[in-house]
Structures are given as structure tokens and as C-alpha cells.
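All chains, full assembly: derive it from the sequences and hints.
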Amino acid sequence: GKEKVELVLNGESKTYTYAELYSVFGISGTPTLWFLSSTGNPVTNLPGYVPPDMFVKVLQYLGEEAYRQEITFESYSKQEHDYIGDSQIITLNSEEVNYVLNNDPLAKKYKGNFDRFTIWIVEDKNTANTLIEKGAFRVIVIEG
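For the sequence shown, the numbering used here begins at 1138 and goes up steadily by one.
In case anyone wonders, no lab produced these hints; they're calculated from the structure. Every residue, glycine too, gets a C-beta built ideally from N, C-alpha and C. You can trust all of the hints, since none of them are fake.
List of simulated lysine-lysine pairs, DSSO-like, C-alpha gap at most 27 Å:
| # | residue 1 | residue 2 |
| --- | --- | --- |
| 1 | LYS1194 | LYS1215 |
| 2 | LYS1248 | LYS1271 |
| 3 | LYS1271 | LYS1246 |
| 4 | LYS1262 | LYS1245 |
| 5 | LYS1194 | LYS1271 |
| 6 | LYS1151 | LYS1139 |
| 7 | LYS1151 | LYS1141 |
| 8 | LYS1262 | LYS1248 |
| 9 | LYS1246 | LYS1262 |
| 10 | LYS1245 | LYS1271 |
What follows is a set of in silico ranges between Cβ atoms, one per label pair, in the way DEER data are often shown:
| # | residue 1 | residue 2 | range |
| --- | --- | --- | --- |
| 11 | HIS1218 | LEU1173 | 15 to 25 Å |
| 12 | VAL1237 | LEU1144 | 21 to 31 Å |
| 13 | THR1154 | THR1267 | 48 to 58 Å |
| 14 | ASN1178 | ALA1156 | 21 to 31 Å |
| 15 | LYS1151 | ILE1221 | 34 to 44 Å |
Put into C-alpha cells, the structure is as follows:
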């Protein structure tokens, strides 16, 4: 049988077969990744396999929102970029922190050794701010 998927857009639910869903989004190859704006609006899609080095450039281009400055991806991708995202401090309760620690291999409780790509778990905002100043990408503060 044909598998179905439910899609909810603007609060309205509709069931599609995968072929119908691909047609709705104009998907011509799989895997297809859709990139959305911070407000949930589609920015673009990326059909098919993309080598890791090119995928990083796609993520940087979209993350820096270079497309909003009318810079073409072709032009952007010819330059070197060190953008990895915007640093962020997130506050979570202890149950949520435990979930992150159990499910994200990059997450660790901070004990003094620093790596900017680790998602650090700390108990106070001062330590979180210090890690952000050092260049940490994500820091989670345990609530309470």
C-alpha cells in the first residue's frame, strides 16, 4: 500500500501520499532538505546528495542570510567563511538538560577544558557568559 503522511500548514491538516507531498513541495530528488526562515517560511530546498564541504557552504550561506543581501550562492561559495552560527545561551530545567546529555554526543558538563564546538552545560550565567566570550557556540544553563 501507499504510505501516507499528514502535513499541517497554517493550522490546516491534510493527508498526502509521499508522491503527492513531493509534488506539493516540488521535490525532484531525495533526500531533499528544506530550509526555513526563523518565522517558518520556506527559503529554499536542496535536493539530492551534496558533498560535506559544499553542504557546509550552503549552511553558512543560509545562516548568514547572504541571500537577503542579493549575494548569489555561486559568488558566496568562492570565498572563505568561518561562520558557524550565532552563539547562544539557553536555559533548561534539569530534566531537559538530562535529555540533551543523553542524546547529544556533543553536549558535556563544563569542567574547565574548552572547545568552541562542544555544547556546554553549566550551572550559572556568569560561566555561560565567559564561555560565550571565549567563542562557544552553544551554552546551556541549568535552571534553578
